[in-house]
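S.K.: Residues per chain, in single letters:
Number of protein chains: 2
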Amino acid sequence: MPQYKAPLRDMQFVLHELLNFEEHYSKLPAFKDNVSRELLDQYLEAAADFCENELSPLNQTGDREGCKWDDGVVTTPAGFKEAYQKYIELGFPSLAVPEQHGGQGLPGSLGTVVSEMVGTANWAWGMYPGLSHGAIRTIEHHGTDQQKAIYLPKLVTGEWTGTMCLTESHAGSDLGIIRSKAEPNADGSYAISGEKIFISAGEHDMAENIIHIVLARLPGAPKGTKGISLFIVPKFNVDADGNVLDRNGVRCGSIEHKMGIHGNATCVINFDNAKGYLIGPENRGLNCMFTFMNTARIGTAVQGLSASEGSFQGALAYAKDRLAMRSLSGIKAPEKEADPIIVHPAVRNMLLTQKAFAEGGRALVYLLSQYADIVEQGETEEERKFADNILSLLTPIAKAFLTETGSESAKHGVQVFGGHGFISEHGMEQIVRDTRIACLYEGTTEIQALDLLGRKVLQTQGAMLKDFTKIIHKFVEANKDNADVKALIEPLAVLNKEWGDLTVKIAMRSMQNPDEVGAAAVDYMYFSGYVTLAYLWAHMAVVAKQQLAAGSSEVDFYNAKITTANFYFKKILPRVRSHVDVIEGGLEPLMALDAEHFAF
Amino acid sequence: MPQYKAPLRDMQFVLHELLNFEEHYSKLPAFKDNVSRELLDQYLEAAADFCENELSPLNQTGDREGCKWDDGVVTTPAGFKEAYQKYIELGFPSLAVPEQHGGQGLPGSLGTVVSEMVGTANWAWGMYPGLSHGAIRTIEHHGTDQQKAIYLPKLVTGEWTGTMCLTESHAGSDLGIIRSKAEPNADGSYAISGEKIFISAGEHDMAENIIHIVLARLPGAPKGTKGISLFIVPKFNVDADGNVLDRNGVRCGSIEHKMGIHGNATCVINFDNAKGYLIGPENRGLNCMFTFMNTARIGTAVQGLSASEGSFQGALAYAKDRLAMRSLSGIKAPEKEADPIIVHPAVRNMLLTQKAFAEGGRALVYLLSQYADIVEQGETEEERKFADNILSLLTPIAKAFLTETGSESAKHGVQVFGGHGFISEHGMEQIVRDTRIACLYEGTTEIQALDLLGRKVLQTQGAMLKDFTKIIHKFVEANKDNADVKALIEPLAVLNKEWGDLTVKIAMRSMQNPDEVGAAAVDYMYFSGYVTLAYLWAHMAVVAKQQLAAGSSEVDFYNAKITTANFYFKKILPRVRSHVDVIEGGLEPLMALDAEHFAF
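Protein sequences, first through last, are from chains X and W.
The first sequence begins at 1 in the UniProt record's numbering and counts up by one.
The second sequence begins at 1 in the UniProt record's numbering and counts up by one.
Honestly, the hints are just simulated from the structure, not real lab data.
It is possible that part of the hints are untrue.
Copies of the same chain are indistinguishable here, so a pair counts whether it falls within one copy or spans any two.
To be verified - Below, computed lysine-lysine pairings styled on DSS-like, alpha-carbon distance capped at 27 Å:
hint : residue 1 : residue 2
1    : 81        : 226
2    : 385       : 332
3    : 545       : 332
4    : 181       : 336
5    : 68        : 181
6    : 226       : 332
7    : 486       : 545
8    : 336       : 545
9    : 570       : 497
10   : 5         : 148
11   : 154       : 570
12   : 466       : 86
13   : 148       : 486
14   : 486       : 474
15   : 480       : 226
16   : 223       : 336
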């Protein structure tokens, strides 16, 4: 059973040495006086303690036990409720909520770092408090003062949780075709009716009330995405002071039997003339939701990083311990009946792949959380706009690339264990099952890829991409004479240029046929992901070299960074070549076969 | 719930048009008079009927219900036992067993084709009769006449089943370190003691007796792989006429909770002074086992093909039915509220990938089964030797490559379903879970890769590889002026040459450091797999073109073959480039990091 250990040293490396979070906060008026490096480290320690000792032990038991549904009532696995109470007592739910709403006013980026630990220790559990964020932010940004006063206080303390009710059985990626209805009541509220599915944490026993944010159509609303409105629908009706009254017409019809995240209740929620309250303008529900799309997607990117980190921790411990065969280059552990499997190059390749994705993914997620801070709290419009561009570009990359590579890492975790990896007790197969959903929800990998190439890159005529490739270009220029990292900087420079050229090529093609965008998008996303991580790995290597040159005593730590960067460039980055060649192949091979002739 | 439909037309294409099985059988004395095309087709129809109507409906229920263990007794899921009775009544167990042992004397290749259908319909079920083959063949080839007379008749009818008991908790890939003991009894039998794990179908309620083939050490046996002997250990002792007597000291200690194949019992089997009988020479147990390694591994390769076929069938039906978004190139189904998702290039890419792996994998597996027939029944020593070389080379490729691509296909199946893919009722996530084991058992992907590059290619100084690349070369030469398939033949010719060059490069390096073999092996296996399938796809395209030129009325079928071949060359085959580049990166990036410095 893998016991989670928060990788604090590596987190601190990214926060303090790579991305200089203290300096970053010092430039944001909201945080410059209240977030020091010491405070950050204190929160890290507290979160690590909670995640290692409270959440990690519930990860496998939660998977085995799962949630139970009985006539609309959902019971979470043993210990989940108690852990949630502790989480509330420790004040985690209110961490990144502004003080005027009862929060601690700390940066969202700190919340992201905490969510990595929560997610790696126990993703299924983490989704209960995790889903509340979307509801809180929706009400915070689009609610009336009264709505804020009624719902926010208890959501912020964690006494209540929240959900996002979007999907219907026939409508997932395509929300334009949802059918749930909202009929106006005489008192200004609405009667919400319809069936929502895949509602994570939609019903459970951990909180006094659940506040659903629901997409539905008003009578006579325009068809498609421009006729969807957003409603607050509480499980229990509440009075103006936030006291819980009678039960609303909201019922959990069933919970799904699914591949993983068994500890989290994935609910069918039936709204039967439930009392709801319009939030935001009529028919603009999707726009309100999209405000938080980036943050929700970064949250899912964290799941990919978590899978890489968790499976790496499990596989590394096993690879040092398990004995099998002798090294091809001669016996390494003569006192044992066989060598530990970490001597075998194929095993090392899997471990280093996990490590490169975990640490590289961490750098990417934390970088995005910085940009998200700036979007929210940046001093000037220009800063905010620039950060929003980078964030918009990198979010679908991080979401799709880190969840897919997280799945790959989880697969390696099983593989390092051999046949034992298939057995539940070792916990490695659970990571494969749990993390698979990350490639599906919040927009599948294919949807992210289209968002990246279609909306973010081509629709802006490459402007967002240029903002980012310029950052890489500057980094390359600043380090081009650094002999220490030449082997990294040179290929990075080439790929950074190729990113633009490849984009132009696809743009030209897509003018002939817009389906060329769909044909290229997934491979383009992978290309972008590998190059983005290459930039971050080169950057980490440069920082590590600097620390060594400055005489740091942590020689092994920094050398490991440099070694892993070299591994990434030699053994992972070459994958871009195939993606470029596949893009080269274009649309035709995908469309030549008539739908009726796929099978006979 | 996906209903399996045997792809009979495609099977017949491979059997009759691509590989000319009738001609193949006509050259084998054992089969030339008793296996016609009509007989083959009759068996296919019978197997399809059984698999579609008896096994497929039990696939999801078996997964949900799983096996139950109670004090050493294992109960299989509802319906499994009854299906097994029907399977026996239909005579399937004895299909490919020689007539002198009570079998039908049909070719092993026919058994392979049947096993594809069984496996795709219900892999977990298929392992109960599947595991018997190893036991039957071990006794057939290495047993005394008395042992054959006692054990074979009921194993062949299927009244009894068999297992292979190799793995121990500490010893999986490395069988040299097993600890189970065999002490001689006064009566010439042996007292077998030890604990074996991961024994598929090790205990169940489907047969009267279970015959275990067990690896154990004699007293004073040499250490390592040269001190292991093989024993027959029946669950119930039997008399000389094969009547079941008292219970032997064999007990199922528990069954594993695992990622998939829940319908199959993966058993811990405890031998406590169980009565066993030496089979084959003392200390030569592993050699006896290795005789069947190729067939067992082809059996596992079938699981990969099954995963590709099964997930393709499920995803294709869904992609034609599910509506979401509009095609980027304009509305395709104006009468519907959205287009079926098969219009989207990314969805088509996943479907075509599954299709290319399923149909290409089928061609590879059936080709191997032909060589296996020749190894067993070929008329001349020369034929048999040549076939054995090709089989030895291609088996680790088929096992590793088809199981990994089967896993990939299964992943695409989930992805095509979006969030619904994660939900158990649709059956797509089950394929991911069930097929994961195929990359682990019968030697992991990494072990297969070492077997391929180390034992089969480098240890033979490339002789086996040359035998196969010559076949490809001949094919290329025969078709180089065929303008119809130029786009396939040219890249195939280049890659076929590169295969040899790449091998020489690795061989040179490995002389400096044998670990270079381990560093290159997995990528070399992928390279080999993609090129092998490229050859088969080009071959299929040539055959399809010939049929069209000959005026076949099945224009859509043959065009689909050609289209899929083009897809494979344009969209799958470019993956070789990255594998070559990664091999280029060599050993150093994998070994530079000290085992103690992987994490801090």
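S.K.: Each hint: holds or not?
M.R.: Tested hints:
1. 81 with 226: For residue 81 and residue 226, neither the intra-copy (39 Å) nor the inter-copy (56 Å) Cα distance is at most 27 Å.
2. 385 with 332: The answer is neither: 56 Å in one copy and 38 Å across copies each exceed 27 Å.
3. 545 with 332: Neither way: residue 545 and residue 332 sit 30 Å apart in one copy and 56 Å across, limit 27 Å.
4. 181 with 336: between (69 Å within a copy, 20 Å between copies)
5. 68 with 181: Neither. Shortest intra-copy (29 Å) and inter-copy (46 Å) distances fail the 27 Å Cα cut-off.
6. 226 with 332: Cα proximity of residue 226 and residue 332: across copies only (21 Å, versus 66 Å in one copy).
7. 486 with 545: within (12 Å within a copy, 51 Å between copies)
8. 336 with 545: For residue 336 and residue 545, the Cα distance exceeds 27 Å both inside one copy (37 Å) and across copies (60 Å).
9. 570 with 497: The answer is both: 19 Å in one copy and 24 Å across copies each meet 27 Å.
10. 5 with 148: neither (38 Å within a copy, 56 Å between copies)
11. 154 with 570: Neither: 51 Å inside a copy, 56 Å across copies.
12. 466 with 86: neither (46 Å within a copy, 66 Å between copies)
13. 148 with 486: Intra 54 Å, inter 68 Å, cutoff 27 Å: neither.
14. 486 with 474: within (15 Å within a copy, 45 Å between copies)
15. 480 with 226: neither (50 Å within a copy, 57 Å between copies)
16. 223 with 336: This pair counts as between: shortest inter-copy Cα distance 13 Å, intra-copy 70 Å.
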